[in-house]
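If you're matching them up, the sequences are chains H and E in order.
The opening position of the first sequence corresponds to residue 125 in the working numbering, with each subsequent residue numbered one higher.
The opening position of the second sequence corresponds to residue 256 in the working numbering, with each subsequent residue numbered one higher.
Source of the hints: derived by calculation from the structure; they are not laboratory data.
Bear in mind the structure is a predicted one, so any value in this text is a computation, not a measurement.
Check before you lean on any hint, since a few could be wrong.
Selected chain E positions facing chain H (Cβ under 7 Å, derived; list incomplete) [as the list claims (entries may be wrong)]:
1. Ser-260
2. Ser-310
3. Ala-361
4. Asn-435
5. Asp-473
6. Ala-475
7. Ser-477
8. Tyr-661
9. Thr-787
Derived DSSO-like pairs (lysine-lysine); straight-line CA-CA distance at most 27 Å [as the list claims (entries may be wrong)]:
10. H:Lys-325 to H:Lys-297
11. H:Lys-325 to H:Lys-359
12. H:Lys-286 to H:Lys-325
13. H:Lys-413 to E:Lys-446
14. E:Lys-530 to H:Lys-407
Just a sample of chain H residues kept apart from chain E, beta carbon distances all over 10 Å, derived [unchecked claim]:
15. Asp-168
16. Gly-171
17. Lys-228
18. Ser-233
19. Asp-270
20. Glu-334
21. Thr-450
All residues carry an ideal CB built from backbone N, CA and C; glycine is no exception.
Here is how the chains run, residue by residue.
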Amino acid sequence: MKKLHSLALIGLPLALALSACGTSETTDDAKSGDNAGGPVSITDSRGEKIELDSPATRVVSLEWMQTEALVSLGVMPVAHADGDAYNTWVANAQVDDSVKDVGKRAEPSFTEIMKADPELVIADSTSPEAIVKQLEDKDVPVLVLDTADGTRQLDLMKENVKTIAEAVGKTDKADKIIGDLDASLDAGKKAIAESDAAGAKFAMADGWAEGATVTIRLFGEGSLMSDLAEGLGLKNAWTGEVDKEWGLGTTDPEGLTKLGDDVRFFYNSPVEAEDVFGDELAKNPIWNKLEFVTSDHLYPLEKGVWTFGGPVSAQEFVDQVVADLTK
Amino acid sequence: MTLRSLSGFLGLALVALAASAVHLTQGTSEIGLADLLDLAIGRGDQLTRDVFMGSRLPRLLAGVVVGLAVGVSGALLQSVTRNPLASPDTLAINGGAWFAATLVAAFGLSLPLIGQGSVAFAGGLVGAAVVLALSGGASGPARLVLAGSALALALGSMTGMLLLLFEEETQSLFAWGNGNLVQISMDAPVKGAVVVGVVVLVSLLLSRRLDLIALGDDAATSLGVNVRLIQLVAVLLSVLLAALAVTVAGPMGFIGLCAPVMARLSGRWINDVHKHRVLLPLSGMIGIVLVVLADVLMRLVPRGPFAPGVPTGVATTFFGAMVLVGVARTFRQGGTVPEAPSARSRTGSPFKFTVPLVTGLVVLLAGATVLGLLAGHGWSLMGDDRLLMGDVVNWLGGNSGNYVTYTLEERVPRLLAATFAGAALALAGCATQAVCRNPLAEPGLLGVTAGAGVGAITCIAFAGISALWLINISALIGAAVAFAIVYAVSWRGGLDSIRLVLVGVGVAAVGQALISFILISSSPYDTQLALTWLNGSTYGRTYEQVVPLIIVVLLGLPILLRHRNDLDVMALDDDTPRVLGLSLERTRLLLLVTAVVLTAASAAAIGLVVFTGLVAPHAARAIVGSRHIRVLPVAMLLGAILVSVADTLGRNVIAPDQVPAGMVTALIGTPYFVWLLWRSRA
Numbered sequence: 125m126k127k128l129h130s131l132a133l134i135g136l137p138l139a140l141a142l143s144a145c146g147t148s149e150t151t152d153d154a155k156s157g158d159n160a161g162g163p164v165s166i167t168d169s170r171g172e173k174i175e176l177d178s179p180a181t182r183v184v185s186l187e188w189m190q191t192e193a194l195v196s197l198g199v200m201p202v203a204h205a206d207g208d209a210y211n212t213w214v215a216n217a218q219v220d221d222s223v224k225d226v227g228k229r230a231e232p233s234f235t236e237i238m239k240a241d242p243e244l245v246i247a248d249s250t251s252p253e254a255i256v257k258q259l260e261d262k263d264v265p266v267l268v269l270d271t272a273d274g275t276r277q278l279d280l281m282k283e284n285v286k287t288i289a290e291a292v293g294k295t296d297k298a299d300k301i302i303g304d305l306d307a308s309l310d311a312g313k314k315a316i317a318e319s320d321a322a323g324a325k326f327a328m329a330d331g332w333a334e335g336a337t338v339t340i341r342l343f344g345e346g347s348l349m350s351d352l353a354e355g356l357g358l359k360n361a362w363t364g365e366v367d368k369e370w371g372l373g374t375t376d377p378e379g380l381t382k383l384g385d386d387v388r389f390f391y392n393s394p395v396e397a398e399d400v401f402g403d404e405l406a407k408n409p410i411w412n413k414l415e416f417v418t419s420d421h422l423y424p425l426e427k428g429v430w431t432f433g434g435p436v437s438a439q440e441f442v443d444q445v446v447a448d449l450t451k
Numbered sequence: 256m257t258l259r260s261l262s263g264f265l266g267l268a269l270v271a272l273a274a275s276a277v278h279l280t281q282g283t284s285e286i287g288l289a290d291l292l293d294l295a296i297g298r299g300d301q302l303t304r305d306v307f308m309g310s311r312l313p314r315l316l317a318g319v320v321v322g323l324a325v326g327v328s329g330a331l332l333q334s335v336t337r338n339p340l341a342s343p344d345t346l347a348i349n350g351g352a353w354f355a356a357t358l359v360a361a362f363g364l365s366l367p368l369i370g371q372g373s374v375a376f377a378g379g380l381v382g383a384a385v386v387l388a389l390s391g392g393a394s395g396p397a398r399l400v401l402a403g404s405a406l407a408l409a410l411g412s413m414t415g416m417l418l419l420l421f422e423e424e425t426q427s428l429f430a431w432g433n434g435n436l437v438q439i440s441m442d443a444p445v446k447g448a449v450v451v452g453v454v455v456l457v458s459l460l461l462s463r464r465l466d467l468i469a470l471g472d473d474a475a476t477s478l479g480v481n482v483r484l485i486q487l488v489a490v491l492l493s494v495l496l497a498a499l500a501v502t503v504a505g506p507m508g509f510i511g512l513c514a515p516v517m518a519r520l521s522g523r524w525i526n527d528v529h530k531h532r533v534l535l536p537l538s539g540m541i542g543i544v545l546v547v548l549a550d551v552l553m554r555l556v557p558r559g560p561f562a563p564g565v566p567t568g569v570a571t572t573f574f575g576a577m578v579l580v581g582v583a584r585t586f587r588q589g590g591t592v593p594e595a596p597s598a599r600s601r602t603g604s605p606f607k608f609t610v611p612l613v614t615g616l617v618v619l620l621a622g623a624t625v626l627g628l629l630a631g632h633g634w635s636l637m638g639d640d641r642l643l644m645g646d647v648v649n650w651l652g653g654n655s656g657n658y659v660t661y662t663l664e665e666r667v668p669r670l671l672a673a674t675f676a677g678a679a680l681a682l683a684g685c686a687t688q689a690v691c692r693n694p695l696a697e698p699g700l701l702g703v704t705a706g707a708g709v710g711a712i713t714c715i716a717f718a719g720i721s722a723l724w725l726i727n728i729s730a731l732i733g734a735a736v737a738f739a740i741v742y743a744v745s746w747r748g749g750l751d752s753i754r755l756v757l758v759g760v761g762v763a764a765v766g767q768a769l770i771s772f773i774l775i776s777s778s779p780y781d782t783q784l785a786l787t788w789l790n791g792s793t794y795g796r797t798y799e800q801v802v803p804l805i806i807v808v809l810l811g812l813p814i815l816l817r818h819r820n821d822l823d824v825m826a827l828d829d830d831t832p833r834v835l836g837l838s839l840e841r842t843r844l845l846l847l848v849t850a851v852v853l854t855a856a857s858a859a860a861i862g863l864v865v866f867t868g869l870v871a872p873h874a875a876r877a878i879v880g881s882r883h884i885r886v887l888p889v890a891m892l893l894g895a896i897l898v899s900v901a902d903t904l905g906r907n908v909i910a911p912d913q914v915p916a917g918m919v920t921a922l923i924g925t926p927y928f929v930w931l932l933w934r935s936r937a
């Protein structure tokens with residue numbers, strides 16, 4: 125009996141190994157693509173020079189903001205990270221079914237990225253260093269972008285779109301998108317100045333409720349949403365402390381009393397099922413007495429504005445704010 | 256009640272009142288002491304009243320409810336199990352409640368409060384029921400904590416996995432999972448207060464019977480107490496209390512462990528602390544004081560944009576664990592400690608031939624390696640990305656094509672890291688379990704793993720460094736510091752093994768609290784990266800990171816093998832080694848340092864992998880008996896196989912997403928461990 129045991133122990137992996145003999149590879153396929161356009165040379169946020177013989181058409185993006193930028197420029201990425209939830213969050217720059225998922229942003233799969241046979245990989249400065257190194261060891265050009273800087277969020281976003289556009293040969297399209305956004309900001313600014321909301325302040329938050337507890341996150345100065353609202357001539361009412369990269373701060377219902385009067389309060393409800401601001405906070409006496417609640421200056425954003433996104437999300441946000449305030 | 260007891264209680268009540276008064280003046284608005292005093296004498300304005308009713312009072316009341324509930328819950332559990340380490344944390348009640356809540360959230364369901372309470376209760380109850388079933392009622396205190404800790408680990412891993420996979424749906428849960436007192440309204444704390452009050456009163460009705468049960472099962476039975484029934488009722492009540500606390504504020508770590516311990520220690524000021532009619536309310540009051548004080552401190556200390564989001568449970572854990580360390584320092588070898596492992600330890604081996612066994616394990620490890628090299632998408636050898644042996648041969652010969660080359664170049668170092676980390680952890684577990692003579696003693700329990708985590712997280716969050724080698728060095732330093740603290744604090748003219756473990760548990764919890772604090776307060780958006788690292792990922796590993804680990808394992812094994820006889824003797828008791836003329840403390844230190852280096856090296860290579868150091872030695876002892884000449888190689892191979900297979904599974908089951916290896920080891924290891932405990936029920 126014992127012998128049998130040992131035999132089985134030895135036999136199993138052996139059988140496993142034998143059944144797995146042979147090779148899986150057939151032939152090496154030729155590298156695809158004669159792309160239009162001449163050579164491209166860009167410097168990324170690390171100061172590395174990325175040289176491409178021609179604008180990239182097979183692009184893999186490892187962060188949503190970059191996926192959004194690519195789609196809005198008319199270049200569907202061949203693969204991107206955290207793909208499963210993207211389409212529910214970014215309404216106006218949807219990816220096709222053809223776009224492969226390469227795993228989570230924190231751990232994108234090297235093998236999956238390589239399988240997509242990319243001409244260019246766009247990573248974020250917070251992407252794992254290991255993946256950038258592994259890709260560059262295989263001579264895959266990696267464009268590393270910095271997507272958060274609380275001192276110039278909007279400008280950085282525009283810059284990133286331009287950089288990406290250069291890499292994929294769509295600079296005209298980028299100029300158009302950014303031009304449209306700037307035009308919307310100007311027009312919106314004028315419209316708001318002539319509306320009832322003239323001189324009003326702005327606040328924006330998202331938040332979560334769990335059990336009986338609640339967390340409120342404010343988009344303070346330095347956040348992309350704040351930069352856009354300022355572009356519309358609004359002033360951010362949240363003066364509490366925010367982080368340096370994203371311009372976000374945390375508070376509780378009591379902390380909202382600091383916003384003061386004459387505030388237009390926008391909120392994004394990140395989880396479909398839970399509307400913290402429209403629903404949960406209605407149970408709170410402080411919330412119910414806040415001036416923007418009593419005077420009905422409370423505006424939910426439509427689903428699908430990625431608040432850390434690119435030009436399409438920014439455009440959508442601007443349109444919604446202007447529509448809400450000039451109603 | 257004597258005057259002295261009365262003044263003791265009054266003193267405690269005064270502390271609670273003072274803490275509450277300070278607590279009320281704290282908040283995120285400008286409302287301060289003067290406004291509140293105005294309100295008290297009926298002159299306050301509307302804003303002050305709203306802030307008081309909508310924010311300050313609910314938060315205070317939540318703290319009071321949670322403190323009372325968890326304090327009494329812990330006291331009940333400790334009495335019923337006669338175990339000072341029993342608590343909602345160590346009996347998987349909090350783990351079960353949190354897992355259930357996370358599962359519901361992951362499916363995008365949003366439940367009303369009563370629904371969330373029921374889910375938490377169900378989760379906690381399942382946790383407690385499994386633990387109690389495994390330990391056969393309350394017959395074996397050590398088994399109870401063992402089973403509870405194992406289950407809590409597995410539940411924690413599954414929760415972590417859900418948090419990783421459903422990042423958006425579960426974003427709030429990371430903070431909530433650590434206990435958060437910020438309330439939406441008075442609703443929950445008021446309802447909670449009523450229910451908790453009733454449950455506590457019911458518990459008090461059991462006081463007399465609990466007193467009798469404390470005399471021992473036989474004595475209590477002979478006095479006409481239905482021991483099993485009372486134990487069942489007490490456990491149900493304590494689970495209910497813990498679930499209520501979880502619903503109001505999330506799991507408030509360590510208060511349930513700490514409050515009853517402190518209550519028992521207060522015998523100098525208060526009479527009859529061992530009587531439950533005193534012990535239960537006293538534990539509740541101490542619980543209240545601890546939670547409110549922790550919340551006061553929490554709002555005094557942290558600064559920065561995310562300070563208001565830092566959950567109070569982080570502070571209670573920190574605070575509670577410090578108290579535990581202080582208490583543990585005074586601990587002497589006593590009657591109420593968990594007894595030595597009994598997981599079918601035999602001196603003889605059921606396998607007559609250890610050599611064939613080891614050979615078999617080596618072949619199994621080879622099989623695991625082959626599986627790791629070849630298996631692809633969907634984990635099986637049939638999946639999309641699988642490779643074949645010929646591919647590996649081609650690769651070794653330098654003849655492989657692109658696809659095979661980059662796949663294997665990624666897989667091989669990861670596989671090596673997993674294999675050797677498993678071996679290192681198993682060896683470290685063998686050494687610590689023998690030296691500490693405690694089945695729970697694995698490096699994770701001694702605070703070493705958490706120390707490594709603190710080091711790494713500090714590096715990631717504060718210095719903004721993502722270079723792996725720097726993270727690794729910080730992890731090493733953290734592990735060494737944590738161990739040095741544990742060792743220095745537990746040393747009191749000798750090293751009592753129970754004291755060492757208790758201090759270790761405390762320091763581990765302090766480390767965990769620090770990790771959560773740093774994560775939430777400084778870089779809440781790096782939680783994914785940190786969660787991944789904290790759960791033992793082999794992601795992106797290269798040979799430079801793996802080689803040091805391999806060297807450490809190759810050096811560690813001979814050291815431990817040389818001391819195999821010392822390990823055998825130490826596992827018996829404290830006296831035998833002395834009688835045999837063994838220089839106990841020096842050998843202990845040497846063996847423990849070896850274990851620390853092994854743990855730190857594995858943490859540096861693949862992050863924090865729980866459970867392997869606990870399970871592999873147990874399994875090895877179950878197979879070959881307790882002699883270390885056999886246990887060491889067998890445990891090492893088992894550990895290597897476990898982590899290797901866990902990594903392969905984690906990489907492939909939900910590809911292209913990946914589950915960190917440490918989560919999988921907990922998932923694989925727990926059923927085995929549960930089975931082990933089940934099989935060896937008394």
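Hint-by-hint comparison with the structure:
1. The restraint placing Ser-260 of chain E at the interface with chain H is violated, with a minimum CB-CB distance near 35 Å, outside the 7 Å limit.
2. The closest approach between the C-beta of Ser-310 of chain E and any C-beta of chain H is roughly 4 Å, which is under the 7 Å cut-off, so the hint is satisfied.
3. The interface hint given for Ala-361 of chain E is broken, as the beta carbon of that residue sits about 11 Å from the closest beta carbon of chain H, more than 7 Å.
4. The beta carbon of Asn-435 of chain E is positioned within 7 Å of a beta carbon in chain H (closest approach about 4 Å), and the interface hint is therefore held.
5. This hint is violated: Asp-473 of chain E has a C-beta 42 Å from the nearest C-beta of chain H, more than the 7 Å allowed.
6. With a cut of 7 Å, the hint placing Ala-475 of chain E at the interface with chain H is violated, because the nearest CB-to-CB distance is about 38 Å.
7. The interface hint given for Ser-477 of chain E is broken, as the beta carbon of that residue sits about 45 Å from the closest beta carbon of chain H, more than 7 Å.
8. Because the beta carbon of Tyr-661 of chain E sits about 5 Å from the nearest beta carbon in chain H, less than 7 Å, this interface hint is met.
9. Residue-level restraint check for Thr-787 of chain E holds (minimum Cβ-Cβ distance to chain H is 5 Å; threshold 7 Å).
10. At roughly 33 Å between alpha-carbon atoms, Lys-325 of chain H and Lys-297 of chain H are farther apart than 27 Å, so this suggested pair is violated.
11. Proposed proximity of Lys-325 of chain H and Lys-359 of chain H is supported: the alpha carbons are some 5 Å apart, at most 27 Å.
12. A hinted pair counts as satisfied when its Cα atoms are at most 27 Å apart, and Lys-286 of chain H with Lys-325 of chain H does not qualify at roughly 31 Å.
13. At roughly 24 Å between alpha-carbon atoms, Lys-413 of chain H and Lys-446 of chain E fall within 27 Å of each other, so this suggested pair holds.
14. A distance of roughly 42 Å separates the Cα atoms of Lys-530 of chain E and Lys-407 of chain H; the hinted pair therefore is violated under the 27 Å criterion.
15. The claim that Asp-168 of chain H is not at the interface with chain E holds, since no C-beta of that chain comes within 10 Å of its own (minimum 16 Å).
16. Separation of Gly-171 of chain H from chain E is adequate, the least Cβ-Cβ distance of about 16 Å exceeding the 10 Å criterion.
17. Not every C-beta of chain E lies more than 10 Å from that of Lys-228 of chain H, the closest at about 5 Å, which undercuts listing it as non-interface.
18. With a least CB separation of 4 Å from chain E, Ser-233 of chain H falls inside the 10 Å interface cut-off, contrary to its annotation.
19. Consistency note on Asp-270 of chain H: stated as away from chain E, and its beta-carbon is indeed over 10 Å from all of that chain's, at 12 Å minimum.
20. Distance check on Glu-334 of chain H: its Cβ comes as close as 4 Å (rounded) to a Cβ of chain E, failing to clear the 10 Å threshold; non-interface status is violated.
21. Every C-beta of chain E lies more than 10 Å from that of Thr-450 of chain H, the closest at about 31 Å, which supports listing it as non-interface.
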